[in-house]
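Undergrad: Letter by letter, the chains look like this.
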Amino acid sequence: MGEKRKILFQIFISTLYLSAFTFGGGYVIVTLMKKKFVDQYHWIEEKEMLDLIAIAESAPGAIAVNGAVVVGYKLAGAAGVVTAVVATILPPFVILSLISVFYDVFRENVLISQMLTGMQAGVGAVIASVTYDMAVGVVQEKRIFSIIIMGVSFAAASFFGVNVIYVILACLALGIFQTILNKGIHKNGHPTRMDERRAGL
Amino acid sequence: MIYMQLFLSFLQIGLFSFGGGYAALPLIENQVITLHHWMTAPEFTDLITISQMTPGPIAVNSATFVGIRIAGIPGAVAATSGCVLPSCIIIFILAGLYLRYRNGCLLNGALTALRPAVVAMIASAGLSVLLTAFFRDSQKINLAGIQWEMVLIFIFCFVLLRKTKCSPVMVMLLAGAVKVLFSL
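Top to bottom, those sequences are chains A and B.
So for the first sequence, the working numbering puts the first residue at 1; every next one is plus one.
So for the second sequence, the working numbering puts the first residue at 202; every next one is plus one.
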């Protein structure tokens, strides 16, 4: 029992620290988690950690939170999950609570308000740049299927006001359908028209 | 009841944001601006700015910020727990399955189809952020309403991001500083 409490305490302190001082988003924090729990503490094996990271990145939700869940789960079960998640959301919770209290005061200050307005263009540029890289990544895969999904989804969300959730559900269903179809084809060992067409793409 | 509404809205955000980071943006926009009018578009853009400059995932940041402004600390707790609950449950299940079957083929297949859509969703959210920044009134989009200085700042920032190794936070701060100079 004392041993378990010690582990939980360690999980709490390390995830709290990682969450409070990691700028740059989920992918960064997951890498740092690997450094801490695999290379420094040797609590998790490298290969297993890679599997856990894959789970964290493929499940829905914030990657930092997902990373905390997998590590907590692996190290101390349900109690570990709760400990790691609370430690991960505590720093942003406190910081944003403070900011939300001062936000209106900030916005009324002419200089800060101008600054924030200018930063809107900056954020737009950051998102544009990130999106550009991701879109190039998708196009470079040279799969017409992916490019069509990208185009249709963009039009649906931007011009036709389709709810984002429906787009995501539709694509999930499409992906599952396609995977099952592919599997069936490989089992038969006979390439079908679908397969040839895809090879041609 | 407002706490329940906050909880359920952020539950959906947590449940459907695949891909982390920016993937949550379109969902937050949809729930918080379009459906519930808890925030205006410029406020949302400010929130993204703040999230970029503070640690923590944008979904959790938004949950806290929106929750506290709509219903105080209990609201923030309700929204934040809604936003992390799906992660906890889904990963419990996935981790169990994964350790048994290792290669989750079906999941991988589903995610392959999802990735381009996620990129498109982020692009769409980015577009509304830009429209908010560029037009005095983002409901009325016409040439007369363009704030040209914001367009200039955007181009300047975009070039900086693509051509130099400036960090996003630096670029954003610079954007703010340039706007202050314009306004003097």
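Calculated from the structure, these hints are not laboratory results.
Some hints could be false.
Computed cross-link-like contacts, DSS-like style, restricted to lysine-lysine with a CA-CA straight-line distance of at most 30 Å [stated by the list, open to error]: (1) A/Lys47 with A/Lys36; (2) B/Lys364 with A/Lys142; (3) A/Lys74 with A/Lys6; (4) A/Lys6 with A/Lys36; (5) A/Lys74 with A/Lys34; (6) A/Lys36 with B/Lys366; (7) A/Lys142 with B/Lys366; (8) A/Lys6 with A/Lys34; (9) A/Lys35 with A/Lys6; (10) A/Lys47 with A/Lys6; (11) A/Lys4 with A/Lys74; (12) B/Lys366 with A/Lys35; (13) A/Lys47 with A/Lys35; (14) A/Lys34 with A/Lys47; (15) A/Lys34 with B/Lys366.
Selected chain B positions facing chain A (in silico; Cβ < 10 Å) [said to hold, decoys possible]: (16) Ile203; (17) Met205; (18) Phe219; (19) Met254; (20) Pro256; (21) Gly257; (22) Phe266; (23) Val278; (24) Ala326; (25) Asn343; (26) Ala345; (27) Gly346; (28) Leu374; (29) Gly377.
Computed list of chain B residues with no C-beta within reach of chain A, every gap over 10 Å [what the hints assert, rightly or not]: (30) Tyr204; (31) Gln206; (32) His237; (33) His238; (34) Val320; (35) Ile342; (36) Leu344.
Cβ coordinates follow ideal geometry from the N, Cα and C atoms, glycine included.
Undergrad: Using Cβ atoms only, decide whether B/Leu374 comes closer than 10 Å to chain A, and label the hint accordingly.
TA: Status holds, d = 7 Å.
Undergrad: A closest beta-carbon separation below 10 Å is what the hint needs, so does B/Ile203 meet it against chain A?
TA: Violated - the Cβ of B/Ile203 stays beyond 10 Å from chain A, reaching only about 16 Å at its closest.
Undergrad: Would the hint on B/Asn343 be counted as holding, given a Cβ-Cβ threshold of 10 Å to chain A?
TA: Nearest chain A Cβ about 17 Å off; hint violated.
Undergrad: Check the hint pairing A/Lys6 with A/Lys36 against an upper bound of 30 Å on the C-alpha distance.
TA: holds, 16 Å
Undergrad: Check whether the Cα positions of B/Lys366 and A/Lys35 lie no farther apart than 30 Å.
TA: holds, 25 Å
Undergrad: Should the interface hint for B/Met254 be scored as holding, given a Cβ-Cβ cut-off of 10 Å against chain A?
TA: Cβ of B/Met254 sits 8 Å from chain A, so the hint holds.
Undergrad: Quick one: work out the minimum CB distance from B/Gln206 to chain A and report holds if it exceeds 10 Å, violated otherwise.
TA: The assertion about B/Gln206 holds, with a minimum of 16 Å to chain A.
Undergrad: Would you check the hint for A/Lys6 and A/Lys34, treating anything up to 30 Å between C-alpha atoms as holding?
TA: Given pair A/Lys6, A/Lys34 holds - Cα atoms ~20 Å apart, limit 30 Å.
Undergrad: For the restraint on B/Gly377, tell me whether the closest CB of chain A is nearer than 10 Å.
TA: Check passed: Cβ of B/Gly377 comes within 4 Å of chain A, closer than 10 Å.
Undergrad: Beyond 10 Å from every chain A Cβ: check whether that's true for B/His237.
TA: holds, 13 Å
Undergrad: Please work out if A/Lys142 and B/Lys366 have their alpha carbons no farther apart than 30 Å.
TA: With a Cα-Cα distance of about 28 Å, the restraint between A/Lys142 and B/Lys366 holds, given a limit of 30 Å.
Undergrad: Would the pair A/Lys74 and A/Lys6 pass a check requiring their Cα atoms to be no farther apart than 30 Å?
TA: At roughly 15 Å apart (the allowed maximum being 30 Å), A/Lys6 and A/Lys74 satisfy the hint.
Against the hints set out earlier in the document, violations occur for numbers 16, 17, 25, 26, 27, 34.
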